[in-house]
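J.: Required output: the full structure, derived from the provided sequences and hints.
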Amino acid sequence: MSAARNVGLCLLLLAAACTKGAAPAPHTHPDPAPPSTPPALHNHAPGHEHDHQLLPGAEPSSTSIYQLQAALRDQDGQSIGLDHFRGQIVLMGMFYSSCTNICPMLVGRVKSLQEQLDPDARKLVKVLLVSLDPARDNPEALKRLAATHGVDQPSWRFTVGSEDATREIAAALGIRYRELTGGEINHTPVIAVLDAEGNVRTRTEDFGDSAPLMAALVKLSE
Amino acid sequence: MRPNSAWALPLVLACLFASAAHAGQLLPLQPLGPGKIRLLYDAKAGAEPASVKPFQLMVRPVTNQEFLQFVTEHPRWRRGQATALFADAGYLSHWREPLVLGDDVRPNQPVVNVSWFASKAFCQAYGLRLPSEAEWEFAAAADDRKADARQDPAFRERILSWYSRPLTTLPDVPAGAANRWGIKDMHGVVWEWVYDFNNNVVRGDSRDRRDGETAEFCGATSLNANDTSDYPSFMRYAFRSSLSGSSTAGSLGFRCAADARRPSRAKHAEPRP
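Top line first, the protein sequences correspond to chains A and B. Just so you know, we're using our numbering here: the first sequence kicks off at 1 and counts up by one. Just so you know, we're using our numbering here: the second sequence kicks off at 223 and counts up by one.
Possibly wrong hints are sitting among the right ones.
Quick list of simulated restraints, FRET-style, between CB atoms [said to hold, decoys possible]:
hint, chain 1, residue 1, chain 2, residue 2, range
1, A, Asp120, B, Leu248, 50 to 60 Å
2, B, Trp384, A, Glu163, 26 to 36 Å
3, B, Pro256, A, Ala211, 48 to 58 Å
4, B, Gly398, A, Gly174, 25 to 35 Å
5, A, Thr148, B, Glu379, 46 to 56 Å
6, A, Ala135, B, Trp384, 48 to 58 Å
7, B, Gly472, A, Asp120, 43 to 53 Å
8, A, Asn199, B, Tyr453, 38 to 48 Å
9, A, Leu124, B, Asp394, 51 to 61 Å
Chain A regions said to be covered by chain B (calculated; three or more residues, Cβ under 8 Å) [to be verified]:
hint, region
10, 64-75
11, 164-170
12, 175-183
Derived from the structure by calculation, the hints contain no laboratory data. Just so it is clear, CB atoms sit at the ideal spot from N, CA and C, and this is done for glycine as well.
T.: What follows is the structure in structure tokens.
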């Protein structure tokens, strides 16, 4: 007998035991993923599976990273979803606050890309940066970083999520990272352009070549 | 408490214990660690080895039968339902149908053609997690006697001979003998996912190289393999470096891990915080 059936039998027996005013056992454990949802512990009673629906727009061919549903906190301490800028064009990357080497260059590059757009297009492009250092980055550190770069504004969100959300977002964006002794985090400096639905339209790890990113931004903002 | 529900609590506890016992039977875990493991790409040559806390690891890789039960219970992870973000076109492609293994696939063979996202979701569904790279390598370093046999030429040779064999029909698992931790089939059956598979900041393909590449990495200068003679480890790191979260391969499976049991109370694996 499967464990799920086992639990189902348990629930039936429990329902029989508690005949007075006993409510049907609630279905409290949705499917384990798409990601960052709490793990389900064998608690699926047969017939109680009701979470069959994919997310809106999430067809089997979907590559939208908004399917991750990661919970983030931004530099203002607000809880926001990974899809905070859904419906808009997003420049996305990952960084960490104490990074002195490549991360300032990454932020600077994103800023420069935005500045190269004409004013109408610029209004359409938002920036979402996610920390690779959830253990140490907090809204205060993110706020300082945003201020340092002169981009503490609604269209720029510096965010941090759980360790698991961080690993999943990195996996979805093809970002590799590892913490070194001493707190430094070795990572690939990916910048991605997301369309309105969260599909990665182009991405680059190459700081020398902005052309593909600019081309995607211009095309999406037309 | 309601009049006729006094016996319900013991009943429920008994049922939950039975379920947990079933999970343990379904996914047999073995405690191991603590210990230290020197990973191929350490922070720098001469750095302290990585510490591995006590943990539990499945004795063998997850099987087709177990994965079939998972996708039966979790429809969004069926072939044709899992989206492209989470699994590429090869996902469970060796099964005849999304819920049918077919005549050529045996229930107790290790499941392959599973992505990192799907493997992770499977483990989470049973209150477990994927092992970290350090945990996996710690378990894989042991032979039947030594905790770290990686310097033993015969041990390396056995692994390399498997790496060099073309993929044929996968055996049912467990297929091999237990190592000193009681873990089987770390080598010789399938490659396996680890939680932090995407932690090797090394280009898998030197054709990508361009001028100024070293400027792309924080800590780029620290990427020194500390033991270039450990070729089996190098092979695994290189393979992991070639993967994305949605990748699948006919030789790539996984096994689940869990934190160590708490000394009291916990009857089954604790979910990751």
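J.: Holds or violated: the 46 to 56 Å window for the beta-carbon distance between Thr148(A) and Glu379(B)?
T.: holds, 54 Å
J.: Take the region 164-170 of chain A, compare each residue's beta carbon with every beta carbon of chain B, and decide whether three or more fall closer than 8 Å.
T.: Three-residue rule met by the region 164-170 of chain A, so holds; n is 4.
J.: Looking only at beta-carbon atoms, does the pair Leu124(A), Asp394(B) fall within the given range of 51 to 61 Å?
T.: holds, 56 Å
J.: Mind taking a look at whether chain B covers the region 175-183 of chain A? Criterion is 3 or more residues with CB to CB distance under 8 Å.
T.: holds (count 7)
J.: Could you say whether the range 25 to 35 Å given as a hint is met by the Cβ separation of Gly398(B) and Gly174(A)?
T.: holds, 34 Å
J.: Given a hint of 26 to 36 Å, does the C-beta separation of Trp384(B) and Glu163(A) actually sit inside it?
T.: holds, 33 Å
J.: Given the hint of 48 to 58 Å, is the C-beta distance from Pro256(B) to Ala211(A) inside that range or not?
T.: holds, 50 Å
J.: Take the C-beta atom of Asn199(A) and the C-beta atom of Tyr453(B), compute their distance, and say whether it sits inside 38 to 48 Å.
T.: Taking Cβ atoms as reference, Asn199(A) and Tyr453(B) lie about 39 Å apart, which means the hint holds.
J.: Are there three or more residues in the region 64-75 of chain A whose C-beta lies within less than 8 Å of some C-beta in chain B?
T.: holds (count 4)
J.: Would you say the C-beta atoms of Asp120(A) and Leu248(B) sit inside 50 to 60 Å of each other?
T.: holds, 58 Å
J.: Measuring from beta carbon to beta carbon, are Ala135(A) and Trp384(B) in 48 to 58 Å?
T.: Violated: the Cβ-Cβ distance is about 37 Å, outside 48 to 58 Å.
J.: Per the hint of 43 to 53 Å, is the separation of the Cβ atoms of Gly472(B) and Asp120(A) within bounds?
T.: holds, 50 Å
Going through the hint list in order, the structure does not satisfy hint 6, though it satisfies all others.
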